[in-house]
Amino acid sequence: MAKVVFKVGDDVSTDIIYPGRFMATVLPTETPQFAFIDYPEFNAKVKNREFPPQSIIVGGKNFGCGSSREQAASCLKGPDFVVVARNFSRIFLQNAINLGLKMVICPTIEANEGDELEFSADQVINKNSGKSFAIEALPKARQVIIDAGGLIPFTRKLLLDTKSSREI
Amino acid sequence: MGMTMVEKILAKATNQAAVKAGDVLEPWVDMAMSHENGALVINQFSEIYKDTGLDAKVWDPDKIAIIFDHRVPAESSKTAGNQKKIRDFVAKQGIAKFHDIRGDSGGICHQILPEFGYIRPGKVVVGTDSHTTSHGALGAFSFGIGATEMAAVWALGRVLNVEVPGTIKVVCQGKFKRHVAPKDLILHLIGKLTAEGANFKVIEFHGPVIEQMSTSGRLVICNMTVEAGATSGIVPPDQETLRYLQEEAGVKDQLDIIAPDPDAVYDQVITINVSKLEPQIACPHTVDNVKPIKEVVGIKINQIVIGSCTNGRLDDLAIAAKILKGKKVARQTRMLIFPASTRIYLQALKKGYVATFMEAGAVVMNSGCGPCLGIHQGALADGDVALATTNRNFKGRMGNPNAEVYLCSPAVAAASAITGVITDPRKGGK
Chain W
18 MAKVVFKVGD DVSTDIIYPG RFMATVLPTE TPQFAFIDYP EFNAKVKNRE
68 FPPQSIIVGG KNFGCGSSRE QAASCLKGPD FVVVARNFSR IFLQNAINLG
118 LKMVICPTIE ANEGDELEFS ADQVINKNSG KSFAIEALPK ARQVIIDAGG
168 LIPFTRKLLL DTKSSREI
Chain C
141 MGMTMVEKIL AKATNQAAVK AGDVLEPWVD MAMSHENGAL VINQFSEIYK
191 DTGLDAKVWD PDKIAIIFDH RVPAESSKTA GNQKKIRDFV AKQGIAKFHD
241 IRGDSGGICH QILPEFGYIR PGKVVVGTDS HTTSHGALGA FSFGIGATEM
291 AAVWALGRVL NVEVPGTIKV VCQGKFKRHV APKDLILHLI GKLTAEGANF
341 KVIEFHGPVI EQMSTSGRLV ICNMTVEAGA TSGIVPPDQE TLRYLQEEAG
391 VKDQLDIIAP DPDAVYDQVI TINVSKLEPQ IACPHTVDNV KPIKEVVGIK
441 INQIVIGSCT NGRLDDLAIA AKILKGKKVA RQTRMLIFPA STRIYLQALK
491 KGYVATFMEA GAVVMNSGCG PCLGIHQGAL ADGDVALATT NRNFKGRMGN
541 PNAEVYLCSP AVAAASAITG VITDPRKGGK
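These protein sequence lines map, in sequence, to chains W and C.
Numbers given in the working numbering equal positions in the first sequence, counted from 1, plus 17.
Numbers given in the working numbering equal positions in the second sequence, counted from 1, plus 140.
No lab work stands behind these hints, which were simulated from the structure alone.
Glycine included, each C-beta is placed from N, C-alpha and C at the ideal position.
Some hints could be false.
Unchecked claim - Listed below are the simulated DMTMM-like cross-link pairs for lysine to aspartate or glutamate, each with C-alpha atoms no more than 25 Å apart in a straight line:
| # | chain 1 | residue 1 | chain 2 | residue 2 |
| --- | --- | --- | --- | --- |
| 1 | W | K174 | C | D191 |
| 2 | C | K434 | C | D524 |
| 3 | C | K190 | W | E47 |
| 4 | C | K535 | W | E130 |
| 5 | W | K174 | C | D163 |
| 6 | W | K157 | C | E303 |
| 7 | C | K190 | W | D178 |
| 8 | C | K392 | C | D244 |
| 9 | C | K465 | C | D564 |
| 10 | W | K20 | W | E133 |
| 11 | W | K24 | W | E58 |
| 12 | C | K152 | C | D378 |
| 13 | W | K180 | C | D202 |
| 14 | C | K317 | C | D455 |
Claimed, not checked - Just so you have them, the derived chain C footprint on chain W, three or more residues with Cβ under 8 Å:
| # | stretch |
| --- | --- |
| 15 | 22-33 |
| 16 | 36-42 |
| 17 | 108-115 |
| 18 | 173-181 |
As the list claims (entries may be wrong) - FRET-style restraints, in silico, Cβ to Cβ:
| # | chain 1 | residue 1 | chain 2 | residue 2 | range |
| --- | --- | --- | --- | --- | --- |
| 19 | C | R383 | W | Q140 | 52 to 62 Å |
| 20 | C | E187 | W | E130 | 31 to 41 Å |
| 21 | W | G166 | C | A495 | 50 to 60 Å |
| 22 | W | S182 | C | G234 | 19 to 29 Å |
| 23 | C | A236 | W | G166 | 28 to 38 Å |
Isolated chain W, as found in the complex (with noise of 0.2 Å):
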C-alpha cells in the first residue's frame, strides 16, 4: 500500500513532466531534479527526498505524450515513483518499461492526493473510497523487458546468450 502524493490531469506532456531547457542533463541520477519543476512544492519534495519510494503519481489519460525524451521517465524513476494512468502515451511507455519505472494503466482510476492505494494482480483498491479500479495490462510485446528488468539487462543477455551460442 501506498500514497498519492500527486495528481495531474490529462495530457501530461514531457513539457510539464521534464522541460525541454533542462534537457542538456541526462544523466538519471541528475534528471530527478528537474522533474515537474514548473510545479515547484512538488518538485521541491522530490529534490528533498520527501517522498519514501513507491509513492504514487496519479495521472489521467495520455500520460507523457510529446518528446521522446527518455529524461521525462528516468526523473520519475530514480525517486522510485508508481505512475497510475487512464492510459500512456507510446513512447513514454516503452521508455518507462526500458527503464524499469513502475506504471499501472487504469483507465477508470478516482484518486485524490492523499489516497492510500492497494494493487492487487487485475484491480487498484483506493482504501479512502473504498471503490476498486480494473487494471488493463502493459503490451505484452514488453513482458519480457519487464520481466527482465529493462531493456538493459536485457539486450546484454541477448548478446551474450548470441555470443556463447556462437562459441558452441
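Place chain C on chain W using the hints.
What follows is chain C alone, placed relative to chain W:
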C-alpha cells in the same frame, strides 16, 4: 487479406510473406537517427556492454546518422561537452552520416535526413525524437524511440518486440483555397482525432490532395501525426517521391515503390474535404485545441516564429517573403525566422528572402530546433503570447510555463507579423 503500407514494410523487414496488425516482430532497421541526445544513447550503449567482455561496436555505422540541431552552436559548456562526447564516439565507430555544426551541411535532423537522401521508401527508420514520424512522407515506416531503445538498436540492428500498429486511413479530397496549406489540414485532423486519438496507430494518407502535394507538404503532415499520438504518418510513395529523392536529394540507386493493397484492413477511415477548410490555429496549451482562424483573430502577439522541422522549408519561407515584401513587422512584435537547414538558408539567401525578412524587421537565425522547444534562444517572458509555425504549444514549451503559444501556417504567421495580432492572411497582409 491485404496489407497496409506499414504491414508491407514490416513483412519485408522481417522476411515474411505477410504480417498483420497486432503481430509482434523484431524488424531490422535501415536508418537509426539521433541528435544531441546521442550523448545519452552512448551512455546506455556502454552500459549494455559493461562487464560482458564484448567489443562495444555498433552493428552498422552506415545505418546510423547523428545530427546536431537542438542547441547549435552550443549554448552551455554542458551541451558542448555532450557534443564533444558524440564527436569522439562518431570518429571511433566510423559513423560517416554525422552532421556537425557547419554552414554547408547542417540543419534540423528531420530536414537533413530527407535532404541528404538518407531515407528510402519501404525502409524502417527509427529516431530518438518524436517527430521522426516526418519521414513517412517518403514512404518509410519511421517512428520515434527513446535513448535506451536506440542503444539496443545500435547493438543489435533490430527494434525488439514491436507490435505491428493498426492503421487509420485518411483520404483528403478537394482543393486547398488560397492561403490554406498542409499545416491547416494536419491541425484540423489533430483537432478531430484529439491528442490521443491515434495513439499506437499509423496514419496513412491518401486522396488527390496528397497526390498533388509536394514532399515538403507531406513532411508537414507526417511530422505532426505524433501530435495525435500516432506512431507514424505515411504517404504511399509515387512519382513525386522519386522526383524529390532523385532531383533534390541526389539519390542514384534503384527505389522501391510499394503501395498498400486495395483490400488492406484499416482500423478507421476518415475523409476530409479540404475545399471547405479555413486556416486553422492550435490554441494553448494542447495541439488538439484547434479552432478556425475566425475565432481567434485579433489576439495580440508578442513573438512570431517561422521555422522548425514542421514549417521551415523553402516553400514556407517563400510564402512568408511574399507577404512580408516591402512591409514592416509590427512595432510591439518580435519576429524570428529559422530555416530548417543551412541548405535552405542558403537558397533563401540567394532568392532574396533573407533580405526581405531583415528589411521587414525579422531576425533570421541559424538552422536548429532551439526556439521551438525553448532550449536555445527565443524564450518567452511571463505573459508573452507567441504565434508559431512549429509543432507544439504545451505549457512551458517555449521556455516559460507562464506564456502562451498558438500554432499556425507560415501564411498566417507572416500576415500576423505585420499587424501584431492574429490575422487571416486572406484579409490582412497581401
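A quick look at each hint next to the structure:
1. K174/W / D191/C: 11 Å, holds
2. K434/C / D524/C: 21 Å, holds
3. K190/C / E47/W: Holds, because 21 Å separates the two Cα atoms, which is no more than 25 Å.
4. K535/C / E130/W: 22 Å, holds
5. K174/W / D163/C: 24 Å, holds
6. K157/W / E303/C: At roughly 9 Å apart (the allowed maximum being 25 Å), E303/C and K157/W satisfy the hint.
7. K190/C / D178/W: 15 Å, holds
8. K392/C / D244/C: Satisfied, since the Cα-Cα distance of roughly 21 Å is no more than 25 Å.
9. K465/C / D564/C: 17 Å, holds
10. K20/W / E133/W: 4 Å, holds
11. K24/W / E58/W: 13 Å, holds
12. K152/C / D378/C: Given that 25 Å is the threshold and the Cα spacing comes to 19 Å, the pair holds.
13. K180/W / D202/C: 23 Å, holds
14. K317/C / D455/C: Given pair K317/C, D455/C holds - Cα atoms ~17 Å apart, limit 25 Å.
15. 22-33: holds (count 4)
16. 36-42: holds (count 6)
17. 108-115: holds (count 4)
18. 173-181: Holds, because 5 residues of the stretch 173-181 of chain W bring their Cβ atoms closer than 8 Å to Cβ atoms of chain C.
19. R383/C / Q140/W: 52 to 62 Å: Given a distance of about 56 Å, which is inside 52 to 62 Å, the answer is holds.
20. E187/C / E130/W: 31 to 41 Å: 35 Å, holds
21. G166/W / A495/C: 50 to 60 Å: 58 Å, holds
22. S182/W / G234/C: 19 to 29 Å: 27 Å, holds
23. A236/C / G166/W: 28 to 38 Å: 35 Å, holds
Hint violations for this structure: none, all hints satisfied.
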